[in-house]
Amino acid sequence: MTALVFRKLGAMSRLWRLVAVLGGLLIALALPWLIYPPVAMDIVAWALFAVALDLLLGFTGLLSFGHAAFWGTAAYAAGTIAIKTGAPFPVAVAGAALVAMVLAVPIALLAVRRTGIYFAMVTLAFAQMVYYLANQWSSLTGGENGLQGIPKNLFGLDLSDPFYFYYAGLPIALIGLLIAWRVVHSPFGRVLVAIRENPARSRSLGFPVDRYKVMIFVISAGLSGLAGGLYAISHGFASLQEVYWTTSGKVVIMTVLGGIGTLWGSVIGAALIVQVEDYVATSGIHLGPLNITGPGLITGLIFVGVVLLFRRGVWGTIAHLVRSRRRGVPDVEPHLSGTPSVAEREPAVAPKS
Amino acid sequence: MRRNLIPAISTLAVVSLLAACGGGAGGPSSGGGKISDDKIVLGVINDQTGIYSALSGPNAVEAVKMAVEDFKAKHADDAVSKNIEVVVADHQNKPEVANTKAQEMYDRQKADIILDVPTSSAALAVASQALAKKKLYFNITAATTALTGDKCNKYTFHYAYDTYMLANGTGTTVTEAGAKNWYIVYPDYAFGQDMEKSFTKAIETSGGKVVGKKSSEFPNTSGDFSSQLLQAPAAHPDVLGTMHAGGELVNLVKQYNQFKLKDKGVGLSVGLMFITDIHSLGPDALAGTRFTDAWYWNFDQQNRDWADKFKEKTGSRPSFAHAGNYSAAMNYLEAVQAAGTDESDAVVKNLEGKEINDFFLRNGKIRAEDHRVIHDVYLAEVKPKSDVKEDYDYEKIVTTIPADKAFKPVSESTCKMGQG
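Line order of the protein sequences matches chains A and B.
Under our numbering, think of the first position of the first sequence as 1, with each following residue one higher.
Under our numbering, think of the first position of the second sequence as 1, with each following residue one higher.
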């Protein structure tokens, strides 16, 4: 009897999933019609960046506070490749992702020896090193001037209109999201969750915990690089802001806002932050002497509100509500980290789907 | 985990909601009409609250608004459009912010021209947007000669001043007056780098030597220049040439006085100075310092008349950047009036080669070859406090440098206008 109900639920969830994926794609395709196209591209790039961070934060339990290093390095790399070689922009972006991954290897090897706040500090320190390096190495990065005039090449197509560039860039981000989804739903991803929940037990089961952490760190850096490269090409510009620590902070806020460990929540978080910042910056809201911190102030308030009221983030809360109503799962507060535990996410009685 | 996809539908609503607050600004853009969007939009991008806000900032916006009012008053009924707007953005002196703001101003706020843009790195970003969007950009407060050199383009014009003009005016005169050995300190971004090169060239051409140089981080958030200043005396220069501007210059001069470098035989020469800088420091801190000025409010009656109107609006006297913004806005509007359209190519055609004489542009001409707007400039000296008769009466004009001598000759320009 119960088995039958679960089978039915399984079929239903598969249908829902299909509808969700199609709906998401539809929104992604319609976005530049609804909002200013460069902002739409920003949302897509930041969404991929936030998803990449969620792989670490949500699925492995490692808070990286230095992901700007990968996003920014990739931005410079994509710009340099596009300017120097005139390669089509997808090649430049892919190359940039590769550069970010290479950079991530030594950082990961050192950083995974620590966890928690120490891990965050180590990654932050490395990111700041990258920042100062970028500032000093002005023959390559342009220093304070930034890397200007990055071309949008694609086999002679004119992509100078951001509306068309959006559709050229979107597939790259979708590939990135697909990779993230595959990682999470692979046996590899299961092991990551196990490591997050109980590293000692995972080790005792024979999983080389540190090696797993390094691998997911490098994958996350690669996806961040993909996003950063895309962002730089879209803006035609790579600047020091991209490697600055506030960028690392912004992506963490996006992920937390959307819901840690939900993958798609990060997309919502990115859309929310980018839209709010854009809205505040263009609406002409003047906060007197606080004018300059206007966008930061408002996103900050939203962040505080979400953390206090919906600890699972936007997506996490909705997912939880829907699930608890359907299954009658009691409303338990999530763990300190803000992530629902494995038990909560995957009830032991749930069928394999 | 997959089950997290299930509630997706409910969140679709959230996304659509988010999308809605962005406003329906999407879709490919379309061109049109004699006056696009039935209005002329002048955008001002500058530093509204930071180190360059005093020298241009909010008062530059006021100057542009004054130009719009005067234009409307002058052309009352035959004005090409009665609908003229001024929009503002703060770029915080960051090139990436300027880049995004310029793109948005052209796309979303339908700006036909962008004015001002201090900070050379930001100005270069705006110039590239102007080229991409085929809309005008009159730079006033950024100094880099790259705007009319390597990075020149059809839609970018350079008003007021540039590093060549400053170096040519100040570097040459100070060296020829006997200060042969220079120690140069400069902010490490496009403007400072360009100033350092221009000054070195001017100093060496007039028989001087640069005995040392040191850059400072930009923006120098700590306001500390001790490491740059304390190393200078060791090189035994006659003069310390500072290439800093605005709030940074003010900090640097204060520290120069604190460290008593003058007593150690190191004079001070300032690459770029606005009257607002002298005002913040007080004239005595700078008395006797010679510098090149693009315009001075108390030069003659014509200037004073405009400065009085400016004071009525803002309560302070104008810097040359303020006057330049007014003049640029006015001459743009006149060009639109003459062309009968705000279509960029027609306006550019009207502007190129035009000779203009107004209170700001004396013997002015817009060079067609590189879009440098040339005009008479001045070698000025800061008065001692005892000679100052009223607020902002700080400068004595030593000589007038004629327009054709003040700026880099076309023959030396690296601008290739045809190629953009």
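Possibly wrong hints are sitting among the right ones.
[Stated by the list, open to error] Calculated cross-link-like contacts (lysine-lysine; reagent style DSS-like; alpha-carbon spacing at most 30 Å): (1) B/Lys82 - B/Lys39; (2) B/Lys154 - A/Lys84; (3) B/Lys39 - A/Lys84.
[To be verified] Ranges of calculated distance between the beta carbons of each label pair, as one might list FRET restraints: (4) B/Lys260 - A/Gln136: 29 to 35 Å; (5) B/Glu217 - A/Val307: 33 to 39 Å; (6) B/Lys72 - A/Ala30: 53 to 59 Å; (7) B/Thr314 - A/Lys84: 44 to 50 Å.
[As the list claims (entries may be wrong)] Derived, one-sided and incomplete: chain A residues facing chain B with beta-carbon distance under 7 Å: (8) Glu144; (9) Gly146; (10) Gly149; (11) Asn153; (12) Gln241; (13) Ser324.
Read the hints as simulated data drawn from the structure, not as lab findings.
Ideal Cβ placement from N, Cα and C applies to all residues, glycine included.
How the hints compare with the structure:
Distance hint between B/Lys82 and B/Lys39 is fulfilled; the C-alpha atoms sit about 8 Å from each other, no more than 30 Å. Between B/Lys154 and A/Lys84, the direct Cα distance comes to roughly 24 Å. Compliance with the 30 Å bound is thereby established for this hinted pair. Note on B/Lys39 and A/Lys84: the hinted pairing is violated, with a Cα-Cα distance of about 41 Å set against a maximum of 30 Å. In this structure, B/Lys260 and A/Gln136 meet the distance hint of 29 to 35 Å, their C-beta atoms being roughly 32 Å apart.
Here the CB-CB span from B/Glu217 to A/Val307 is close to 35 Å, well matched to the stated 33 to 39 Å. At about 42 Å, the CB distance of B/Lys72 to A/Ala30 disagrees with the hint of 53 to 59 Å. About 47 Å separates the C-beta atoms of B/Thr314 and A/Lys84, a value consistent with the hinted range of 44 to 50 Å. Below 7 Å, beta-carbon pairs count as interface contacts, and A/Glu144 has one with chain B at about 4 Å; its hint therefore holds.
Because the closest C-beta pair between A/Gly146 and chain B is about 5 Å apart, less than 7 Å, the hint holds. With a cut of 7 Å, the hint placing A/Gly149 at the interface with chain B holds, because the nearest CB-to-CB distance is about 5 Å. Annotation: interface hint on A/Asn153 violated; nearest CB of chain B at approximately 14 Å, more than 7 Å. For the restraint placing A/Gln241 at the interface with chain B, the shortest Cβ-Cβ distance is roughly 5 Å, inside the 7 Å limit, so the hint holds.
Interface restraint check for A/Ser324: the shortest CB-CB distance to chain B comes to about 11 Å, outside 7 Å, so the restraint is violated.
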